[in-house]
Amino acid sequence: MGIGSNRISSIGTYAMAAVRQRTEELRAKGLHPVDFGMGDPSAATPEFIRRACAEGIERHAASGYPPFAGSQPFRQAVTDWFEGRFGVSIDAETEIVSSVGSKESIFHLPEALLNPGDVAICPDPGYPPYGGGTLFAEGVPYFTPIQKATDFLPDLDSIPDEIAERAKIFWLTTPSSPSGRVASPQFLKRWVQWCRDRNIIACSDEAYSEIYFDEPPHSALEEGKEGVLVFNSLSKRSAMTGYRVGWVAGDPEVIALYRKLKANIDTGTPWFIQEAAIAAYSDESHVAEMRAGYRKRRDLFVAAFEQAGLPRSEPEASLYVWQRAPEGITSTQLSEALLDEKILAVTIPSAALVGDPDQHGPGEQFVRLSMVASWEESERIASAISQYLKLG
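In our numbering, the protein residues as written are 1 to 392.
It is worth saying that the hints were derived from the structure and are not from the lab.
Hints are not guaranteed to be accurate.
Simulated crosslink set (DSS-like; lysine-lysine; CA at most 27 angstroms straight-line) [to be verified]:
#1 Lys-260 to Lys-168
#2 Lys-168 to Lys-103
#3 Lys-148 to Lys-296
#4 Lys-148 to Lys-189
#5 Lys-189 to Lys-168
Label-pair restraints from in silico Cβ distances [said to hold, decoys possible]:
#6 Asp-80 to Asp-40: 26 to 32 angstroms
#7 Glu-341 to Asp-80: 46 to 52 angstroms
#8 Glu-215 to Asp-40: 22 to 28 angstroms
Don't be surprised by glycine CBs; every beta carbon is placed ideally from N, CA and C.
Working from the sequences, and respecting the hints, build out all of it.
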């Protein structure tokens, strides 16, 4: 008996779910792999944020359902932070909506903007919900390659006119997952204008905006709000992945459409979690400490792969090392080699992140290693990579 909908059958296994399954299979054999696949920080959420959450539970003991668009104090805290960070003023009443982390809003947005057959342009490889949400909205994802040859940014000139004419959404990730590339102000300006000229909503996923190693990344909203949405969350900035709290901000006309959609989907992020988020946005010192920790891990793994004879692959930002495989070695082969019993590092091959292999081929050969393990585990695995990684 066929019980699955056409929508659920149209999407494959979520890449991160497959990584977790592989990790459990190894553990069932009595091995102890370290999961570098999921971008889930192992560091504890800072104590002052946890305390604000606990206090929020008592403060809102009888508060009932939270506002689906986010409490006014939460929205104001985000807009105050955003103006201080990016120099852009956001109207807390009409230009921002809370979300249950970025994944929820990214997956659901196409329902508000796409009609069946409309196109969403998605980076490839990229975050799976870009394409998955498009398919659930009965839209058509068009995967544009994100490759070294294009500086790991979309090649706007390569997008066919017939695709641009049908497109309603263009997804960009900056800093990029998985490559760690940061879009320059010049590129953001060109991308936003390219979208405006074609009446496409420019959707900038900026979840990694605070995990950078050189200059702070810029936001697409610095190019104006018309036709622009920005998505962000506390997950990576403040090690709050389990709290599920984020936001969408930008063009008030598009935000109104998303508000209407969200009112029919859920009843908002819990009051006490919003209290934790407000506290998180009041402090930058813990973010600076996290950045320093990620930089330390980045340098450790970049050196380890280089010592093992692999091409130097150094990210500008994000939680990931996007390690290029040597010539003649596939991403799957490199990922499997990292699972050798002397290493036992679980990573994601680029083949698992490619949106549509039939559209652009299997993509370039990389593995994504998340820099989220403890320092002790990171040191141990990096040492094993430099000593034992064998290819070919």
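These are the hints, each one checked on the structure:
1. Lys-260 to Lys-168: holds, 18 angstroms
2. Lys-168 to Lys-103: With Cα atoms ~19 angstroms apart, Lys-168 and Lys-103 stay inside 27 angstroms; holds.
3. Lys-148 to Lys-296: Answer holds: Lys-148 to Lys-296 is near 24 angstroms, not above 27 angstroms.
4. Lys-148 to Lys-189: holds, 21 angstroms
5. Lys-189 to Lys-168: The hint holds at about 18 angstroms.
6. Asp-80 to Asp-40: 26 to 32 angstroms: Check passed, 28 angstroms falls within 26 to 32 angstroms.
7. Glu-341 to Asp-80: 46 to 52 angstroms: Cβ of Glu-341 to Cβ of Asp-80: about 51 angstroms, so the range 46 to 52 angstroms holds.
8. Glu-215 to Asp-40: 22 to 28 angstroms: The hint (22 to 28 angstroms, Cβ to Cβ) holds, given that Glu-215 and Asp-40 are roughly 26 angstroms apart.
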